[in-house]
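Student: Read top to bottom, the protein sequences are chains A and B.
Everything in the first sequence is counted per my numbering, starting at 94 for the first residue and increasing by one.
Everything in the second sequence is counted per my numbering, starting at 94 for the first residue and increasing by one.
Source of the hints: derived by calculation from the structure; they are not laboratory data.
This structure is a prediction, so every number in the text was calculated from the model and none was measured.
Careful: at least some of the hints might be erroneous.
[Stated by the list, open to error] Simulated coverage check for chain A against chain B, where a stretch passes if three residues somewhere in it have a Cβ under 8 angstroms from a Cβ of chain B: (1) 141-153; (2) 198-212; (3) 233-243; (4) 288-298; (5) 317-324.
Ideal Cβ positions, reconstructed from N, Cα and C, are used throughout, including at glycine.
Single-letter residue listing:
2 protein chains.
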Amino acid sequence: MSILVVGSVAFDSLETPSGRRERVLGGAATHFALAASFFTKVRVVGVVGEDFLPEHERVLTDKGVDTRGIERAPGKSFHWKGEYLRDLNEADTLATDLNVFADFAPKIPAEFADSEYLFLANIDPVLQLRVRQQMPNVKMIAGDTMNYWINAHRENLLKVLRELDVLVINDKEVRLLSGEANGLRGAKKVLELGPKSLVVKYGEHGAGAFFTPEVFESRDVCKLFRAPATPLEEVVDPTGAGDSFAGGFYGYVASQRTLTPEVFRTAMFYGSVMGSLCVQAFGTERLQRATRAEIDERFEQLRELSHLSA
Amino acid sequence: MSILVVGSVAFDSLETPSGRRERVLGGAATHFALAASFFTKVRVVGVVGEDFLPEHERVLTDKGVDTRGIERAPGKSFHWKGEYLRDLNEADTLATDLNVFADFAPKIPAEFADSEYLFLANIDPVLQLRVRQQMPNVKMIAGDTMNYWINAHRENLLKVLRELDVLVINDKEVRLLSGEANGLRGAKKVLELGPKSLVVKYGEHGAGAFFTPEVFESRDVCKLFRAPATPLEEVVDPTGAGDSFAGGFYGYVASQRTLTPEVFRTAMFYGSVMGSLCVQAFGTERLQRATRAEIDERFEQLRELSHLSA
Numbered sequence: 094m095s096i097l098v099v100g101s102v103a104f105d106s107l108e109t110p111s112g113r114r115e116r117v118l119g120g121a122a123t124h125f126a127l128a129a130s131f132f133t134k135v136r137v138v139g140v141v142g143e144d145f146l147p148e149h150e151r152v153l154t155d156k157g158v159d160t161r162g163i164e165r166a167p168g169k170s171f172h173w174k175g176e177y178l179r180d181l182n183e184a185d186t187l188a189t190d191l192n193v194f195a196d197f198a199p200k201i202p203a204e205f206a207d208s209e210y211l212f213l214a215n216i217d218p219v220l221q222l223r224v225r226q227q228m229p230n231v232k233m234i235a236g237d238t239m240n241y242w243i244n245a246h247r248e249n250l251l252k253v254l255r256e257l258d259v260l261v262i263n264d265k266e267v268r269l270l271s272g273e274a275n276g277l278r279g280a281k282k283v284l285e286l287g288p289k290s291l292v293v294k295y296g297e298h299g300a301g302a303f304f305t306p307e308v309f310e311s312r313d314v315c316k317l318f319r320a321p322a323t324p325l326e327e328v329v330d331p332t333g334a335g336d337s338f339a340g341g342f343y344g345y346v347a348s349q350r351t352l353t354p355e356v357f358r359t360a361m362f363y364g365s366v367m368g369s370l371c372v373q374a375f376g377t378e379r380l381q382r383a384t385r386a387e388i389d390e391r392f393e394q395l396r397e398l399s400h401l402s403a
Numbered sequence: 094m095s096i097l098v099v100g101s102v103a104f105d106s107l108e109t110p111s112g113r114r115e116r117v118l119g120g121a122a123t124h125f126a127l128a129a130s131f132f133t134k135v136r137v138v139g140v141v142g143e144d145f146l147p148e149h150e151r152v153l154t155d156k157g158v159d160t161r162g163i164e165r166a167p168g169k170s171f172h173w174k175g176e177y178l179r180d181l182n183e184a185d186t187l188a189t190d191l192n193v194f195a196d197f198a199p200k201i202p203a204e205f206a207d208s209e210y211l212f213l214a215n216i217d218p219v220l221q222l223r224v225r226q227q228m229p230n231v232k233m234i235a236g237d238t239m240n241y242w243i244n245a246h247r248e249n250l251l252k253v254l255r256e257l258d259v260l261v262i263n264d265k266e267v268r269l270l271s272g273e274a275n276g277l278r279g280a281k282k283v284l285e286l287g288p289k290s291l292v293v294k295y296g297e298h299g300a301g302a303f304f305t306p307e308v309f310e311s312r313d314v315c316k317l318f319r320a321p322a323t324p325l326e327e328v329v330d331p332t333g334a335g336d337s338f339a340g341g342f343y344g345y346v347a348s349q350r351t352l353t354p355e356v357f358r359t360a361m362f363y364g365s366v367m368g369s370l371c372v373q374a375f376g377t378e379r380l381q382r383a384t385r386a387e388i389d390e391r392f393e394q395l396r397e398l399s400h401l402s403a
């Protein structure tokens, strides 16, 4: 079934211990869509400038991603410049040039109205909410956010959280949102804010999930789940890992008929797989050349490294 | 089968966000022995001063731990004073009074000579090596160390590493020992130093294991394993968590006939269970009142939270 993702399509200038890249294709919606495209149909709503060329669009369309919702605006695309020289787990932002993204007002194309799964990538919660209101009949809504919205736009964000079936954020964002240093207490506080479930990304330590009983369509109950990460000898570029995780996770969820605890767990493993692929090259390079066979191989590796009986 | 553990039996003065305790029973050998006692027979070799009273000894003997190797010396027992007010994951040491421990020269009682499993807790590597030489016929040797020995006594420590079937340390110690920021590359470098396997403790993120093929008595191969930690809403006192992990892990290993990958994996889960119990009260309080039934219940929780099918 189709996922509609709303978020940034951008260019990133990056420096990591592995090297440097100028203006490579990036953005949360891009990474999410590429990762999810291995599992289900994905439709993107975003905005780009005149620097977004046919070669960039082909990165998405080659994977069957529907780009009819990517609006063209005069000027330049969103550009982010960052480096990971101090710590591979934490970007230092050198520049954020919003450009055409500053006036982004998401419009859902009529052809996208029947999307059953909605993903609200990390953008202004006011826009997230506006998109949600344009899609009253979706079956499921997941979303992301970041420290900036948590700190400075909390009231708006809280309205979004109440709409979500799954909130997908990292452990630092849980701490910021809940005010709790303890991860379990923090997760419980976040669930009290409204999302039916919470997926927390821990970087090299994988991801955890926390549930309210309402999230499952079946009557099954699952309290906690933990997915490992693929151990990697080299992380080339962490940019987009979290969005790729979300894409793998939500892509798998959307490919299944019912959301059971087992589907959720399997989706967490696929999220972890897509995150680990993403970081092995700059930008979207690695996701572009990924194959379903290697995705499933990596999935089996995760099972082997986490299960008592191999 | 019997484990012989050599290490500190001490008193700890602690302050954490949950409170304060003065001179409670602690020490690596104490935590290790209590945790392992739920799985197998444990014998302790250590030294204490005149402040070690019958009530302290009973903490161990009540669990069937053989204390005949705990030597009495004139003076006071090893005393460590630390706090976890800044960060629950990292102790700030306020005082280390070696006292009788300064002249510790481990002597293995004749009755302990037939111990099949040896655990060299975190002490001077020169002493670790001397104990190993007194026990030429042990079936298996595991050990721990810390930043001080890695930094200032590296040559001696390297001799110990070559003797070990399992080295059990934390992720910071792997980084220090290997000089590698990347966990997987670091683990591989540590294995090149001689231990047949490496167990890395990640605190709230559980533990990982890395293997050379030589560690297993069977011909099975296992490359990597990852055990989760029990999520806890409150960590009362982290002191001894790593030693309790090691005790649960090695206690289970010693209780089995052969070291297969599945035994190793199961042992990692039991290690995680014992570490999580330890931190729920000050000192050894929680391990003292633990039951095998709740240990197995927590084991099942770990299985549920990490396995795709519950």
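Student: With reference to the structure, classify each hint as holding or not holding.
Tutor: Each hint, compared with the structure:
no.	hint	verdict
1	141-153	violated (count 0)
2	198-212	violated (count 0)
3	233-243	violated (count 0)
4	288-298	holds (count 3)
5	317-324	holds (count 5)
In this structure, the earlier hints numbered 1, 2, 3 are contradicted, and the remaining ones agree with it.
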